[in-house]
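Colleague: With chain V held as given, fit chain X onto it using these hints.
One-letter residues, chain by chain:
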Amino acid sequence: MTQPHDPRGNLVRPYAVTRGRTEPIRDIPIEAVLVASSAAVQEARFAGHDKYRIAVLCEPKAQSLAELAALTRLPLGVARVLVADMVADGLLTLHSAAPRKGFTERMDLLGRVLSGLRKL
Amino acid sequence: MDFASSERAGAPPSEITSAKIVIAGGFGVGKTTLVGAVSEIEPLTTEAVMTAAGAGIDDASKVPEKGTTTVAMDFGRITMAEDLILYLFGTPGQTRFWFMWDELIRGAVGAAVLVDTRRLTDAFAPLDYFENRHLPYLVAVNCFDGAPRYEAEEVREALAIPARVPLIMCDARHRESVKAVLIGVVEHAMNTLVAEHEQGVGVG
Numbered sequence: 001m002t003q004p005h006d007p008r009g010n011l012v013r014p015y016a017v018t019r020g021r022t023e024p025i026r027d028i029p030i031e032a033v034l035v036a037s038s039a040a041v042q043e044a045r046f047a048g049h050d051k052y053r054i055a056v057l058c059e060p061k062a063q064s065l066a067e068l069a070a071l072t073r074l075p076l077g078v079a080r081v082l083v084a085d086m087v088a089d090g091l092l093t094l095h096s097a098a099p100r101k102g103f104t105e106r107m108d109l110l111g112r113v114l115s116g117l118r119k120l
Numbered sequence: 001m002d003f004a005s006s007e008r009a010g011a012p013p014s015e016i017t018s019a020k021i022v023i024a025g026g027f028g029v030g031k032t033t034l035v036g037a038v039s040e041i042e043p044l045t046t047e048a049v050m051t052a053a054g055a056g057i058d059d060a061s062k063v064p065e066k067g068t069t070t071v072a073m074d075f076g077r078i079t080m081a082e083d084l085i086l087y088l089f090g091t092p093g094q095t096r097f098w099f100m101w102d103e104l105i106r107g108a109v110g111a112a113v114l115v116d117t118r119r120l121t122d123a124f125a126p127l128d129y130f131e132n133r134h135l136p137y138l139v140a141v142n143c144f145d146g147a148p149r150y151e152a153e154e155v156r157e158a159l160a161i162p163a164r165v166p167l168i169m170c171d172a173r174h175r176e177s178v179k180a181v182l183i184g185v186v187e188h189a190m191n192t193l194v195a196e197h198e199q200g201v202g203v204g
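Just so you know, the protein sequences line up as chains V and X, in that order. Residue numbering for the first sequence follows our numbering, starting at 1 and increasing by one per position. Residue numbering for the second sequence follows our numbering, starting at 1 and increasing by one per position.
Because the hints were derived from the structure by calculation, they are not lab data. Where is the CB? At the ideal position from N, CA and C, for every residue including glycine.
Derived pair list, reagent style DSBU-like, types lysine-lysine, alpha-carbon separation capped at 30 Å:
{"no.": "1", "chain 1": "V", "residue 1": "101", "chain 2": "V", "residue 2": "61"}
{"no.": "2", "chain 1": "V", "residue 1": "119", "chain 2": "V", "residue 2": "61"}
{"no.": "3", "chain 1": "V", "residue 1": "101", "chain 2": "V", "residue 2": "119"}
{"no.": "4", "chain 1": "V", "residue 1": "61", "chain 2": "X", "residue 2": "179"}
{"no.": "5", "chain 1": "X", "residue 1": "179", "chain 2": "V", "residue 2": "101"}
{"no.": "6", "chain 1": "X", "residue 1": "179", "chain 2": "V", "residue 2": "119"}
Covered by chain V, according to a simulated footprint, are these stretches of chain X (three or more residues, beta-carbon under 8 Å):
{"no.": "7", "segment": "18-31"}
{"no.": "8", "segment": "80-90"}
{"no.": "9", "segment": "96-106"}
{"no.": "10", "segment": "179-190"}
Next comes chain V alone, as it looks inside the complex (with noise of 0.2 Å):
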């Protein structure tokens, strides 16, 4: 790495959409799907640029972290801290992640999940 660079470009420019913060209010797994509804990305136009630009995402298709991340070109801590936020104010509606307990819960999901590839 011979090119100059500013020590703080990686870190501090994403961050600053968060307004520094680095944690999420909640985890929310990078597979985990979002979903906006109409009503909800009129009101994200008040919530800021990037979240605006989330809720936009999550509307026709419910989207995963790690694709909100992606399609906004925000690294994953800092998609994460804002979706976070959004759940908390109503903006997104988290679903969940496959159940990690409970034998017949994940039995069932890998049986889904099973069918759903022998059917592609």
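Modeller: Chain X only, in chain V's frame:
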């Protein structure tokens, strides 16, 4: 709002479940190719900024900007039903970013470790990683054109893969072959779960 109280066509289902399968392996082994072979979207890349928290986990001289660097993960998506989405996440190529692997495997239904027979030794670190984690995984040997062809048992022996870990040959470019890998992962996860359940081992 005439549709407010009725179920509008196209309205999202009340609960959408998403699951993920992790595709692991060394750099350039074909993880993104495999993901792309079955994903309904062009594989996307998400980046995590590694901060000082990652310092000390590895030789910092290999990290471009000590203190902060970026780890990239490619992933794809398969919408299986209105209320079920499967994501496929490729691990970062550089195995030194173990902390990202830990985040990726959390809650995963299982994993496939992709192996390139031209660089078998690159598979040791990923295999060691999964051997020490509680996540069902299998080994998928990617049969590149021109790569030395080995029998499955030769690869198993060379990499000291335990008998309980399934091993299959695949071509990461071909949809049907990748489907078979993913089906193998899920079947193995189900078998593992049933075995643990029968032994009365509380997991989770």
